[in-house]
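Could you build the full structure based on these sequences and the hints that come with them?
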Amino acid sequence: MNWVVANADRLGDLLWQHTWISAIAIGLGFVLALVVGWSAYILRSSHRKAVRQLSGVIISASSLLYTVPSLPLFVILPTILGLGWLNPLNVLIALVIYAFALMVRGVVDALHAVPDTVRDSSIACGFNKLQLGLYVMLPLAAPVMLATLRVVSVSTVSLLSIGALIGVENLGSLFTNGFNRNFPTEIITGVVLTIALALLFDLVLLMAGRVLMPWQSALRAAGES
Amino acid sequence: MSLLQETLAWFSDPAQWSGPTSIPWRIVEHIGYTFFAIVAAAVVAIPAGIYIGHTGRWRKLAVLSTGSLRALPFLGLLTLLALWLGIGPLISIIALAILCIPQLLAGMYSGIDAVDPHAVDASRAMGMTETQIILRVELPLAMPVILGGLRSAVLQVTATATVAAFIGAGGLGRYIIDGLALRDTPRVLGGALVVVLLALLLDGLFALAQRFGARLAYPAAHTAPAVNVLAPSPSPNSRRTTHDQPPTHNS
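Top line first, the protein sequences correspond to chains R and H. Read in full-length UniProt numbering, the first sequence has 96 at position 96, and its numbers run on one by one without any break. Read in full-length UniProt numbering, the second sequence has 73 at position 73, and its numbers run on one by one without any break.
Read the hints as simulated data drawn from the structure, not as lab findings. Quick caveat, the model's predicted, so the values are computed rather than measured. Take these hints with a grain of salt, some might be off.
To be verified - Just some of the chain R residues that point at chain H, by a computed CB distance under 8 Å:
(1) 68
(2) 121
(3) 164
As the list claims (entries may be wrong) - Calculated Cβ distances over 12 Å to all of chain H for the following chain R residues:
(4) 27
(5) 28
(6) 45
(7) 122
(8) 212
Heads up, the beta-carbon is just placed ideally off N, CA and C, and yes, glycines get one too.
What follows is the structure, given as structure tokens:
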């Protein structure tokens, strides 16, 4: 405990570094996945077979990115991007790739989970494409997207700590440093802070869900009673 | 000489192809760690998953614990275990097993959970014992989802086993960790490429295995597409479980 108090400044720095890298990675990954996933969804309902196949290829290729192991990607990216080993951007980009890869399928599944009848009746009611997307598809698909986003958020926060192995400072640095100094307290502090940060992100996402989708809690209450 | 040429030179160095630090031997080590970690995790996850899936008890606890285990940073777990229990392959395997238990467990119980309850009731009505129901009805029908869980567990462990080299374990991670320590970039890149190839290869093998598993679960869907309507279609089940158990991570 004394160690934590004595090093509060450094812990604060690492926590902040961890927070901003994860937050940007999660946000960017989500936006990219929304754009690509939605395009794939639109292409899938095309009349032409080739276009439908293209949609499948986009989804599989995006998911395949997820197969690339993290530590190798962390070390390969600096070479490809030429940013230098210690630049946090390398790790950030790697995390965006993972968040994107994990999220794309979630977006497509969420859009497919919207009942066709609802979609068709909105079109019949005269909604144009933009209105259909914004007022019908997005709100109905959002809960499922949020579920995937929460998984993305937890795994991003936990994955970033691996970046410490290539020298990018974040809460993971407490693990490498604690191990090298044979000092378990430092590692435990790191584990606790990482889990706390993951929980915090999860809480923020949940709250955002409550605020943006107020009808969800009403539905839940109705379902339980 | 460019980095690419240097990396190629690293690959063509005969030192990489014989002896205990050679690429083939490191691959064997790597697959060995992965194998033992998965087996150790399966010893826990298979009985627990069957119990939870079959009885429906403790489901909430299982969902909660798999979720929170996901938040646990692997590097933290690994270094902590290493300081407490000592360094080496065994500790790495234990840490890797802990890491992939959620994946396997979620695949087991959500797979069994998604089995059509009518099929289970019908089997019971025909006089099958609970053991027979589990072995002959639930497990075969759940096989595609279980294999999905196994696939993500294997991938996760293969990827994460590289990190284990940090506490002195062998495997392909040695090239990356040692290369980083020595500022030997070709070695780092060479090792990284081998791991990526290994992961893609394993993923491909599992894709094939899953196709086989689906055939096992829904033979009618493949032999006679026309009567597809009668057989429980795999798609609603698999869609349901994807939200339940999203593919996870290689932290």
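query: Which numbered hints does this structure break?
result: 2
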